[in-house]
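A.B. asks: The chain contents come next:
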Amino acid sequence: MAHDKVLFEILIRLADDHLVLGHRLSEWCGHAPMLEEDLSMPNMALDLIGQARSLYAYAGEIENRGRDEDAIAYLRTEPEYKNLLLVEKPNEDFAHTMLRQFYFAVFMEEFWKEAISSSDNTLAGIAGKAMKEIAYHIRHCGEWIIRLGDGTEESSRRMRAAVEVLHPYTDEMFDHDDVVAAAVSAEIIPDPLLLRPRWEQGVQTVFKAAKITMPNDYWALRGGRAGQHGEEMGFLLADLQYMQRTYPGMTW
Amino acid sequence: MVEAPAPDKLQASKEAWKIAAQVPDPEIPAVNVSDLGILRSVEIDENGIVVAKVTPTYSGCPAVLAIELAIEAALLKAGYKVRIERVTSPAWTTDWITDDGRRKLKEYGIAPPERASGSVRSLFGETQVSCPQCGSAETIRISEFGSTACKALYRCETCREPFDYFKCI
Chain B
399 MAHDKVLFEI LIRLADDHLV LGHRLSEWCG HAPMLEEDLS MPNMALDLIG
449 QARSLYAYAG EIENRGRDED AIAYLRTEPE YKNLLLVEKP NEDFAHTMLR
499 QFYFAVFMEE FWKEAISSSD NTLAGIAGKA MKEIAYHIRH CGEWIIRLGD
549 GTEESSRRMR AAVEVLHPYT DEMFDHDDVV AAAVSAEIIP DPLLLRPRWE
599 QGVQTVFKAA KITMPNDYWA LRGGRAGQHG EEMGFLLADL QYMQRTYPGM
649 TW
Chain X
8 MVEAPAPDKL QASKEAWKIA AQVPDPEIPA VNVSDLGILR SVEIDENGIV
58 VAKVTPTYSG CPAVLAIELA IEAALLKAGY KVRIERVTSP AWTTDWITDD
108 GRRKLKEYGI APPERASGSV RSLFGETQVS CPQCGSAETI RISEFGSTAC
158 KALYRCETCR EPFDYFKCI
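Heads up: the protein sequence lines correspond to chains B and X, in order. Heads up, the first sequence is in the numbering used here, so the first residue is 399 and it goes up one at a time. Heads up, the second sequence is in the numbering used here, so the first residue is 8 and it goes up one at a time.
Quick caveat, the hints were computed from the structure, so don't treat them as lab data. Quick caveat: nothing in here was measured; it's all calculated off a predicted structure. Hints are supplied without guarantee of correctness; some may be wrong.
[As the list claims (entries may be wrong)] Quick list of the computed label-pair ranges, beta carbon to beta carbon:
1) Ile56/X - Leu592/B: 55 to 61 angstroms
2) Lys25/X - Tyr640/B: 44 to 50 angstroms
3) Glu121/X - Glu598/B: 30 to 36 angstroms
4) Glu92/X - Glu476/B: 33 to 39 angstroms
[As the list claims (entries may be wrong)] Beyond 12 angstroms from chain X on every Cβ pair, some chain B residues (computed):
5) His401
6) Gly420
7) Gly428
8) His429
9) Glu434
10) Glu435
11) Pro477
12) His494
13) Arg537
14) Ala579
15) Ser583
16) Asp589
17) Leu592
18) Ala618
19) Gly628
20) Gly632
All C-beta atoms in this analysis are idealised placements derived from N, C-alpha and C, irrespective of residue type, glycine included.
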């Protein structure tokens, strides 16, 4: 596989993860249980969407077909989105939202830590910024997981329910396919398999404090990287793409 | 051999720097882009165009575009031809905020970031932040995230006033 094609595909996967998760978080804006959280979730969304913008803009450059970040973000069809299934899962309750964010953030922190020495300088630059931003996400979500997991009977029940629903989606983060293999051998990205033990340890530390057991018997769910999404993705895109679909080419 | 820039060109880029550096931050007008360390360099290229390099604080900072436009406008107004370049590497850190910038932030009522970024990772390991109003160290964090991406919300237990803290990154 040609180097630029691999790089483009990797950038799209990363960008889609960040855009879709950022969009999900932004859905909380105005609905959070308290003002502090109403500030925190759009703030995290802003970080993610900012990172997505850098990644899309760079992907457009690499592709060299005249698509800018908006064209790539807003004008593709569902199978062209390559995000993890985990990030498109609906917000549900606060436990689901915090856990989804935490799973992803712990993975991304390990990923960015290695990607700062990527053979691709632009990706390394994006990694340098993102790594610092994500440290706040981990701390914030980690604190909530502990507070809810080791909280009241109801909060604990909800946190355990979230773990049961979302944990099967975490395996996809570590999946290998032709694109990942080529990108790893070109030293564009770290090998996700090497990140797995570190991710497990990071999650385990917080779960222990939250009195939550890490599931080990479940059926792993995947498909997003291949463009196969859950039903909820269609609704998400309908919302996300509304303006560009209704008024093509509109700008602010 | 690299040719040293002509003295008049060096002088001109110094003047252009002064103009660009005066541009205030749109969210925190008490400090300018040079105080914050987001204006990285101002140079004049071989075609006589002023190239100002700007780095964002956070990837998603909505003020980036406003800042770039303001710098461009200030330089255009002074009669320069301008090009703004956004640089992301090396990543901006609060360690680049100047001493002058820290003082101005404090006077404005925002607790300046603690030195030596990178201590945020430890769970529950909170940095001690002093109240910019009364100087008390008895403060508590209300929210990790504040009114802008770069700030957290604190309250002083001595003077009971809430205040913003410029987060370390």
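A.B. asks: Does each hint hold? Answer for all of them.
C.D. replies: Here is what the structure says about each hint:
no. : hint                                    : verdict
1   : Ile56/X - Leu592/B: 55 to 61 angstroms  : violated (45 angstroms)
2   : Lys25/X - Tyr640/B: 44 to 50 angstroms  : holds (46 angstroms)
3   : Glu121/X - Glu598/B: 30 to 36 angstroms : holds (32 angstroms)
4   : Glu92/X - Glu476/B: 33 to 39 angstroms  : holds (36 angstroms)
5   : His401                                  : holds (20 angstroms)
6   : Gly420                                  : violated (8 angstroms)
7   : Gly428                                  : holds (15 angstroms)
8   : His429                                  : holds (16 angstroms)
9   : Glu434                                  : violated (4 angstroms)
10  : Glu435                                  : violated (8 angstroms)
11  : Pro477                                  : holds (27 angstroms)
12  : His494                                  : holds (20 angstroms)
13  : Arg537                                  : violated (6 angstroms)
14  : Ala579                                  : holds (27 angstroms)
15  : Ser583                                  : holds (24 angstroms)
16  : Asp589                                  : holds (23 angstroms)
17  : Leu592                                  : holds (20 angstroms)
18  : Ala618                                  : holds (28 angstroms)
19  : Gly628                                  : holds (26 angstroms)
20  : Gly632                                  : holds (26 angstroms)
Going down the numbered hints, you'll see the structure goes against 1, 6, 9, 10, 13, while the others check out.
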